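Participant: Could you put together the complete structure from these sequences and hints?
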Amino acid sequence: MLLRVTDIHKGYAKSKGFFGKTITPVLKGVSLEVDYGECVGLIGESGSGKSTLGKIILGVEKPDAGTVVFGGNEGKKELSVVFQDYTSSANPRLRVKHVLSEPLKERAKKQRAYLGHLLHEVGLDESFLERFPHQLSGGQLQRVCIARALATKPKFILLDEAVSSLDVSVQLQILKLLKALKEKYRLSYLFITHDLMSVTYLCDRVIFFKEGNIVETVSHVSALHGVKDPYSRALLNAVKTMEIPDMCRAKLCQ
Amino acid sequence: MLHVHNLTISARTRHGLQPLVKDVSFSLETNHCLGILGESGSGKSLTCKALMGLLGDEFDVQGEVLFQGQNLLTLPEHKRRKIRGKEICMVIQNAMTAFNPLFTLKNQLLETLRTHLDKPDSMLLKRMLEAFEKMNLYGGETLLLKYPHQLSGGMLQRVMIALCIALNPVMIIADEPTTAIDVVNQVEIIQELKKVRDLFHTTMIFISHDLGVLCQLCDTLMVMHEGQKVEQGSVQEVIFAPKAPQTQMLIQTRLELLRAFHACTEVAPCS
Amino acid sequence: MVQKLLHDKLGLGALIILTVVMVMGIFAPLFSLHDPLAQNIMMKFANASSTYPLGTDHLGRCVYSRLVYGIRTTLFLSVLTMVCTIGIGVFVGVISGYYQGKLDELLMRFCDIMLSFPSQVMILAIVGVLGVGIENIIIANILIKWTWYARMMRGITATYNQKNYVLYAKTIGKSDRCIIRKHIMPNVLPEIIILATLDMGWVIINISMLSFLGLGIQPPSPEWGAMLSEAKNTLMSHPQQMLAPGLAILVVVASFNILGDTLRDILDPKTQER
Chain V
165 MLLRVTDIHK GYAKSKGFFG KTITPVLKGV SLEVDYGECV GLIGESGSGK
215 STLGKIILGV EKPDAGTVVF GGNEGKKELS VVFQDYTSSA NPRLRVKHVL
265 SEPLKERAKK QRAYLGHLLH EVGLDESFLE RFPHQLSGGQ LQRVCIARAL
315 ATKPKFILLD EAVSSLDVSV QLQILKLLKA LKEKYRLSYL FITHDLMSVT
365 YLCDRVIFFK EGNIVETVSH VSALHGVKDP YSRALLNAVK TMEIPDMCRA
415 KLCQ
Chain R
1291 MLHVHNLTIS ARTRHGLQPL VKDVSFSLET NHCLGILGES GSGKSLTCKA
1341 LMGLLGDEFD VQGEVLFQGQ NLLTLPEHKR RKIRGKEICM VIQNAMTAFN
1391 PLFTLKNQLL ETLRTHLDKP DSMLLKRMLE AFEKMNLYGG ETLLLKYPHQ
1441 LSGGMLQRVM IALCIALNPV MIIADEPTTA IDVVNQVEII QELKKVRDLF
1491 HTTMIFISHD LGVLCQLCDT LMVMHEGQKV EQGSVQEVIF APKAPQTQML
1541 IQTRLELLRA FHACTEVAPC S
Chain Y
356 MVQKLLHDKL GLGALIILTV VMVMGIFAPL FSLHDPLAQN IMMKFANASS
406 TYPLGTDHLG RCVYSRLVYG IRTTLFLSVL TMVCTIGIGV FVGVISGYYQ
456 GKLDELLMRF CDIMLSFPSQ VMILAIVGVL GVGIENIIIA NILIKWTWYA
506 RMMRGITATY NQKNYVLYAK TIGKSDRCII RKHIMPNVLP EIIILATLDM
556 GWVIINISML SFLGLGIQPP SPEWGAMLSE AKNTLMSHPQ QMLAPGLAIL
606 VVVASFNILG DTLRDILDPK TQER
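Residue numbers (my numbering), protein chains in the order written: chain V, 165 to 418; chain R, 1291 to 1561; chain Y, 356 to 629.
Note that these hints are calculated values from the structure, not bench results. A quick note: this is a predicted structure, and the numbers were derived from the prediction, not measured. Where is the CB? At the ideal position from N, CA and C, for every residue including glycine. Some clues are possibly wrong.
Unchecked claim - Computed beta-carbon distance windows for the label pairs:
no.	chain 1	residue 1	chain 2	residue 2	range
1	Y	H362	R	T1432	49 to 59 Å
2	V	A229	Y	E460	21 to 31 Å
3	V	M165	R	L1419	49 to 59 Å
Facilitator: What follows is the structure, given as structure tokens:
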């Protein structure tokens, strides 16, 4: 098992008076597992606590209770992340080549050749190395972030709403890229999102998340039609209603 | 009802005029719903803000916008302000930013209603509460006393649409009203908007980058790309026989995602 | 960056003025025409002439020369004060904003307490304890001002703390020192420089004010505030005595303010044209 999250509890203190504080629980006993080479989708609305869970898994926040264990090793180097807001994902004062080489430690790795290779992997060419983040489009910047995530050859990448801020056509390109990279490097993803359609495109397993709790887990994405929990059903039906109506079903099955 | 001819919007920069929307023309009949589809940066929001006269001096707007015979672009500001809100109402993208966090909803909604409707407060309140009920917002009295941050994005969006209903305009422009909302709430909001159309025969312009949402609600679709109109036609035409490459790409993208979704969520897909 | 500066005429003008003033101050003996301390009672209140470009004061000293030597005291001491204040303020503010938690609470409450005292009263109190003299008013200024900078820096650091690239650096295990050096400081420094240049005016006026009150530079050392103080005695008879030092302070303070605005534009990487 690459990642094992056990019984995470996290709350935020709301008011700190002199006589105790009211704690709002955000995560109420969350446990999940991600295996090697597996892509798990975590679906929940905004405010359900999924981003907090992501931060705890990354280690930038400490849980009030519970553990996060990475596959036996110290885990830090095997792990990387791509965030939703690409505009603040790269230091605006650094050029792309510095952004990419940040996670690399050895001097040897700070070579142009390797950085160029990373960019090629995500479909960009070497000329991007000299650019600043604000000179790139959303899709391009997100690709740079993915390239940066790949730089240390991690086993696990946390994708925190990584495609949500992008246009639909760009979303599809990035999802395809992520799929290809997963096959090539045998990566594991935890794909946190609110968008069911991107989960069905990319993921193997699906976890439904609501108000700090896991309400349902679907062992394989093809079995989504059999969800039982009312929240999951409501979400599924809502997405079905929003798709192109019945008249277009014929077009779908071409 | 609405005729837009050769609308061109340019930004005034240090290096001169930079065109953002180029030569857009379209017409809208009464009780008709036009959907404007386009990706971010295609100019769809700018076009509608220009219609309402909400663009500041940094923009240069050329062309003609005939609303019920009057050219909105050449109208003096005080006349335009009368039309804005009374005849044309706008529902914007992020409901949370539309409201002032310092005042209760009652305060702000009444302020808007007072500007456009010359009636005593008690009547305005009654109208607002009726609109709430039509939007399936129950407990209107308590709702009015709340502050914007106490409500979720979805509810605030419905409050904004309820405000539009209370003003009973001739035309509603909705600028990506469902984008910041989760899917379950989106479905409800679309249904409310459908109801509004059926009940009041309001003309609508609906902007979105989401094809699914537009198909639910609109009669005609206009596709914009990089500031230009690339396609226009009925929903059927645009979806089944798209002519412009950009439209084809948008539909293809959606179809690819949908196929995967279908395969997972139907017991027997494509049977 | 240089190109942007060249485009901004006002900012360029301010920079040139300040550079000229600095140079004149450093090479004061070269630029002044007379000994600033040399008195010549016979020539008191002389009008502007070729010997005395700005006339003389009530003791017959050359006003122009006193202005030039006054640059050293007024300007350089202000810069020294500023640098020390910023040094301490940034250090405390960044540590507080980055680590947060109990340390942050403690430091900020301390700053709150210091800030709740009216600054002028505090300065006078400290000078009263330490005694009169220029070193003491500088120490007093630093002690009062650093807490304000600490608060500002803490706020700015806290916003940058939430940026995704800082979170990313934390995820991959970069040391705190590395993150502060590489990500926090380059973003915080321009803000400091802007605040500092805008605040220079306050410091200059403060030192001048204290000298005006007789607590700072002691006569006969030339200092712009002290010159204003002496000129006030002859306000009715010779009002033009206030002009030279007053305008000098005005021009320098305004130049710093304009420079601060210009720096804000220049240092923003998004507006860098390449």
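Participant: Run the structure past the numbered hints and jot down the numbers of the failing ones, going up.
Facilitator: none
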